[in-house]
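J.: Produce the entire structure from the sequences given, and follow the hints as far as they go.
Each chain is listed here by its residues.
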Amino acid sequence: AQSVSQHNHHVILSEAASLELGCNYSYGGTVNLFWYVQYPGQHLQLLLKYFSGDPLVKGIKGFEAEFIKSKFSFNLRKPSVQWSDTAEYFCAVEKGGGNKLTFGTGTQLKVEL
Amino acid sequence: DTGVSQDPRHKITKRGQNVTFRCDPISEHNRLYWYRQTLGQGPEFLTYFQNEAQLEKSRLLSDRFSAERPKGSFSTLEIQRTEQGDSAMYLCASSLATGSRETQYFGPGTRLLVL
Chain V
1 AQSVSQHNHH
11 VILSEAASLE
21 LGCNYSYGGT
31 VNLFWYVQYP
41 GQHLQLLLKY
51 FSGDPLVKGI
61 KGFEAEFIKS
71 KFSFNLRKPS
81 VQWSDTAEYF
91 CAVEKGGGNK
101 LTFGTGTQLK
111 VEL
Chain C
1 DTGVSQDPRH
11 KITKRGQNVT
21 FRCDPISEHN
31 RLYWYRQTLG
41 QGPEFLTYFQ
51 NEAQLEKSRL
61 LSDRFSAERP
71 KGSFSTLEIQ
81 RTEQGDSAMY
91 LCASSLATGS
101 RETQYFGPGT
111 RLLVL
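These protein sequences, in sequence, are chains V and C. The opening position of the first sequence corresponds to residue 1 in my numbering, with each subsequent residue numbered one higher. The opening position of the second sequence corresponds to residue 1 in my numbering, with each subsequent residue numbered one higher.
Source of the hints: derived by calculation from the structure; they are not laboratory data. Where is the CB? At the ideal position from N, CA and C, for every residue including glycine. Check before you lean on any hint, since a few could be wrong.
As the list claims (entries may be wrong) - Per label pair, the in silico range of CB-to-CB distance: (1) C:56 / V:20: 32 to 40 Å; (2) V:14 / C:3: 27 to 35 Å; (3) C:51 / V:39: 27 to 35 Å.
T.: Here it is as structure tokens:
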């Protein structure tokens with residue numbers, strides 16, 4: 001069965017530090033890839049997505065992610081985090097044309113002032 | 001607000017009772033999904049509709065669960081004879097499926113607590 005792994009469950013950073021959250025998936029075929037964010041008290045929001053083309057995709061709020069097919073990875077990055085980035089981040093994978101999303105377990109990010 | 005809406009936002013019930021949740025998707029979205037999320041986990045797929053048709057159901061969806069989308073607009077998820085293990089956040093998402101590129105937009109969820 002397809003699985004999505006997010007190895008960092010809790011991350012604590014100081015403001016202005018750089019961020020990289022790992023995401024690996026097990027499916028070998030064509031995939032669509034997503035990062036969602038859930039801010040405290042809010043619902044899941046789309047951060048960025050990858051369907052095809054340039055493997056480096058940019059999302060909202062200065063986030064970006066790189067798809068590395070050979071590594072089955074889609075890591076999320078931000079050069080300089082802010083206190084307002086405190087949230088839970090979920091990686092999700094959809095098999096090409098498969099419709100349903102398979103989510104990782106999430107990474108809880110806390111940014112300290 | 002033109003996002004996905006869900007009602008109720010919270011539900012507390014006693015074991016053995018039936019509960020029903022409603023989801024209103026973004027207008028004109030043809031696909032509607034239900035997911036369940038428990039503490040410390042990501043959302044898990046339950047079922048989805050394309051217009052009125054229920055196209056896939058997860059093995060997580062036991063016989064006590066039923067979902068409908070009668071007119072291809074809103075959807076309901078019913079749980080009969082609730083069990084404590086049903087306590088979770090139930091999430092609805094909708095999308096406009098065009099080819100192989102599809103983005104799902106999530107609602108705020110219904111948090112269910114079964115006592």
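J.: Confirm or reject each hint.
T.: Against the structure, the hints come out as follows:
In this structure, residue 56 (chain C) and residue 20 (chain V) meet the distance hint of 32 to 40 Å, their C-beta atoms being roughly 34 Å apart. Separation of residue 14 (chain V) from residue 3 (chain C) is about 33 Å and conforms to the stated range, judged on CB atoms against 27 to 35 Å. Our hint of 27 to 35 Å for residue 51 (chain C) and residue 39 (chain V) holds, since their Cβ atoms are close to 32 Å apart.
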